[in-house]
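Novice: As a plain string of letters, each chain reads:
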Amino acid sequence: MQTFDLSKSSLRELNATLHAQKASTNQTAWEIANPRGHHAIAVGLDAPIEVTVKGSTGYYCAGMNKQATVVVKGSAGPGVAENMMSGTVIVEGDASQYAGATGNGGLLVIKGNASSRCGISMKGIDIVVYGNIGHMSAFMAQSGNLVVLGDAGDALGDSLYEARLFVRGSVKSLGADCIEKEMRPEHLEILRELIERSGAPARPEEFKRYGSARRLYNFHIDNASAY
Amino acid sequence: MCGIVGLFLKDRSLEPRLGALLTEMLVTMTDRGPDSAGIAIFGSDADDEGKLTVQSADPARDFAGLAEALGEAVGAAVTLEQKDSHAVLRMPLGALGAARAALGELRPGVRVMSAGDIIEIYKEVGLPKDVAARFEVSKMSGRHGIGHTRMATESAVTTMGAHPFSTGPDQCLVHNGSLSNHNGLRRELKREGMRFETENDTEVAAAYLSHKLDQGLSLGAALEAGLEDLDGFYTFVVGTKDGFGVVRDPIACKPAVMAETDQYVAFGSEYRALVNLPGIETARVWEPEPATVYFWNH
Numbered sequence: 001m002q003t004f005d006l007s008k009s010s011l012r013e014l015n016a017t018l019h020a021q022k023a024s025t026n027q028t029a030w031e032i033a034n035p036r037g038h039h040a041i042a043v044g045l046d047a048p049i050e051v052t053v054k055g056s057t058g059y060y061c062a063g064m065n066k067q068a069t070v071v072v073k074g075s076a077g078p079g080v081a082e083n084m085m086s087g088t089v090i091v092e093g094d095a096s097q098y099a100g101a102t103g104n105g106g107l108l109v110i111k112g113n114a115s116s117r118c119g120i121s122m123k124g125i126d127i128v129v130y131g132n133i134g135h136m137s138a139f140m141a142q143s144g145n146l147v148v149l150g151d152a153g154d155a156l157g158d159s160l161y162e163a164r165l166f167v168r169g170s171v172k173s174l175g176a177d178c179i180e181k182e183m184r185p186e187h188l189e190i191l192r193e194l195i196e197r198s199g200a201p202a203r204p205e206e207f208k209r210y211g212s213a214r215r216l217y218n219f220h221i222d223n224a225s226a227y
Numbered sequence: 228m229c230g231i232v233g234l235f236l237k238d239r240s241l242e243p244r245l246g247a248l249l250t251e252m253l254v255t256m257t258d259r260g261p262d263s264a265g266i267a268i269f270g271s272d273a274d275d276e277g278k279l280t281v282q283s284a285d286p287a288r289d290f291a292g293l294a295e296a297l298g299e300a301v302g303a304a305v306t307l308e309q310k311d312s313h314a315v316l317r318m319p320l321g322a323l324g325a326a327r328a329a330l331g332e333l334r335p336g337v338r339v340m341s342a343g344d345i346i347e348i349y350k351e352v353g354l355p356k357d358v359a360a361r362f363e364v365s366k367m368s369g370r371h372g373i374g375h376t377r378m379a380t381e382s383a384v385t386t387m388g389a390h391p392f393s394t395g396p397d398q399c400l401v402h403n404g405s406l407s408n409h410n411g412l413r414r415e416l417k418r419e420g421m422r423f424e425t426e427n428d429t430e431v432a433a434a435y436l437s438h439k440l441d442q443g444l445s446l447g448a449a450l451e452a453g454l455e456d457l458d459g460f461y462t463f464v465v466g467t468k469d470g471f472g473v474v475r476d477p478i479a480c481k482p483a484v485m486a487e488t489d490q491y492v493a494f495g496s497e498y499r500a501l502v503n504l505p506g507i508e509t510a511r512v513w514e515p516e517p518a519t520v521y522f523w524n525h
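So the protein lines, in turn, are chains A and B.
Numbered by the numbering used here, the letters in the first sequence go through residues 1 to 227 in order.
Numbered by the numbering used here, the letters in the second sequence go through residues 228 to 525 in order.
Okay, chain B solo, but in the shape it has when bound (with noise of 0.2 Å):
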């Protein structure tokens, strides 16, 4: 099955409350996927600032010491926030290739969730409510988010099989479905240079969406070209440093519902995820046709 919640801001008054909204939204979808839950929010651009969302099974060990090491493998200054058994190490954007390199000498335990300018990823196995108190994600604040709970169908349960997936940077892709293609893809993939962290279906997709942005394509173009050469179900549900796009397979039996008013655009793999938003009772509530894609910018 599986539950995915997303939600764009359009009113930037609304960003204090982006975590609290969407923690609601994700422990709402509890029954769709009480395997493990993930995160991924999109905050505002510092500047120059780039980060490395991080996480560990054993963070006490790996974390100690992780900053300065890093900061002085790579000539800058670089700070280390630590959530639980993930951390987001804050440096110059300019150093993140490095930084990334040097971690895997540094700490070979340590698996990078997500990279980029903006983009935070925290997922864990567990029960959504318990996941979302562990990162404290209902403090958060941010422009748009996406959120997922998982029932396992195609991979292990297991933190580097939960949603979101981020294989380029500021990009993340959530599932509810399964592919049926996805070893085949990940072949051409690899030889295409991408790198693979799991077994994971919807970590083709990601990769494949990446592979398309990199060769220039807008994500658009890069999710109309994904219902060409993605075979299996899927509603997807993606996130760029910019925005939010939604699409489902042409047969769209795996549910969603989408709401827009004048603060926000949300998806929901259920209406009942939607119901606390503001000004539920007024937004229009419609159903993403299948085969068609759908994008928010800000």
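The following block holds chain A by itself, in its conformation from the complex (with noise of 0.2 Å):
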């Protein structure tokens, strides 16, 4: 185990450090001390590693993540694992604005609640949040997975494209051109799958899913005059 105290050492040196960690490092295990709501703690890592931080983060931690899993044992500042790509982020607490904003690729597992515009813009991400997210989440979200096993706020999934939503609670309200859609069994499954990796505690059939109307985004025929 790595250990590096960012009451010692400065940001920058830290993440320079976890960049240089290339995919046959040895030190795959790491832990960060001190984090108190620092800025981009562990942003743009490119590794296979784990890393651990011990407390609550600022802005914009585990940013553009490939491959890393990064464990934050607190809550979480706007930006978390904003455009990750791969790997896996997990926030023990709460998550603020913006959690996993065009996130492409990999598992983000937020245990509290998730704020506004969660999964804003998702292009492959997969979500999974414990609590409950706030308003205009999945904000024109385009593909990937948003799992929420409390409530929804207002405007969920505005201009949505292809992203799937899962809610077991309520929805405040919906945005527009989204739509409550069929459960059928490749959901049920997509769901297992998810709940099984991000350890939630729930189970498939209690969730609604949501997803496009279709009707803001696709081409129609009846329309070819107008463009």
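Just to be clear, a hint being listed does not mean it is correct.
Stated by the list, open to error - Distance condition first, Cα-Cα at most 27 Å in a straight line; then the derived DSSO-like pairs of lysine-lysine:
id, chain 1, residue 1, chain 2, residue 2
1, B, 481, A, 172
2, A, 73, B, 481
3, B, 356, A, 8
4, A, 8, A, 22
5, A, 111, B, 481
Hint data in this document are derived by calculation from the structure and do not stem from the laboratory.
Two chains, two separate frames, one set of hints: put the complex together.
Specialist: Below, the structure written as structure tokens:
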């Protein structure tokens, strides 16, 4: 186990050290002490390493993550795991605004609540939130899965493309072009797999599925003369 | 951007440390607002005493003999305690209105930062650590306080453009965001008799709330009304004689984190601002909901 104390070394040194880890590194386990809400902790990682942050983080923790597993033993500020490509990010506490925004891949698990704009413009990432999510979540979400064990705030999935949204609790309101959809066997299978990977205390049958009505973004031949 | 910090003490034994705790929180928010900084401290109530906190660009000239001249004008004992470019004028509470009017005649260059029973506001252009040091904020005690670090967008970087804004007795407001309907609202409030010192959007929000309070609304009701009437981006923290309120606009993209323990309620634009507070490790930490009014009273 390698330990890095942010009260003694700089954030830049930390990220440079983590960036220097190659796929073949033997130093696979890292612990970061005294994060104290710093911004951009463990951003841009690209190696199969496991990083544990012992406390709460500020903006953009684990952004652009590839391959690595980052565990935040506290709450995360805005933009956690923003534009993640692969790997896993686990937040033990709450996450602030736009968690997992624009994520292309990987798994983001938030064990507390996520606030507004969770999964905004997600492009393939899987997000599992044990608690609630705030308003405008999954706005313009393109692909991937958002699984919420609690409730969703206003305007869920506004202007949604092809991301799948699964909510166990209530949805305060649906955004434009987002509708409840039938839960088919293949969706239960996706949920079962995500619940297993994230360790979420839930069963697939408890969720409802929401998705795009495909009225906003699809080309309609009837409208051809308008172009 | 801008940074906001606020601290409302429940445990009176922390009161001597209010200024020190707030200073530390304020300096942490320097990245969010390096232009100017300000702080409002609500101290303890000294019976019949009232205070004006004033500022001058030429304190040596303006503050010399001011206490005596004001005392003569209002027919009461006035004392002056200078702190750098600011001074606290203490007098019987009943003399505050007359003193404020006389001040305009006696020293036209002097600006009133705050007026009331307990409030003191200090604000200046410069880095938060320098501003806090100039006014020795860390030595101040009090029951609650609010601080602001400014990155200017809607008006010039000047002392008067810095926050907190105070538009009523023992009232102040700080703001992260920008209002889009402040010009129209300012015109309406002027017609209602409110006075403005700047072209700043935040001053309009402060005056709006003061006007609602004048009309007899509670602070909670005034903030609820503001959700209807104020258009734009905002996270506001408001201080009054008895308490401390927080409200965010319905979109809530301006950040806010709160922490509560048995000893205090704290506000920060970011969690970083709260990390040195006593017992923060076990505090209840949460993000205030959009379009929801929060308020704590002593």
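Novice: Run every hint past the structure and note whether it holds.
Specialist: Results of checking the hints against the structure:
1. B:481 - A:172: holds, 22 Å
2. A:73 - B:481: Measuring from Cα to Cα gives roughly 25 Å; hence the hint holds.
3. B:356 - A:8: The given pair, whose Cα atoms are some 22 Å apart, holds under the 27 Å limit.
4. A:8 - A:22: holds, 25 Å
5. A:111 - B:481: Measuring from Cα to Cα gives roughly 24 Å; hence the hint holds.
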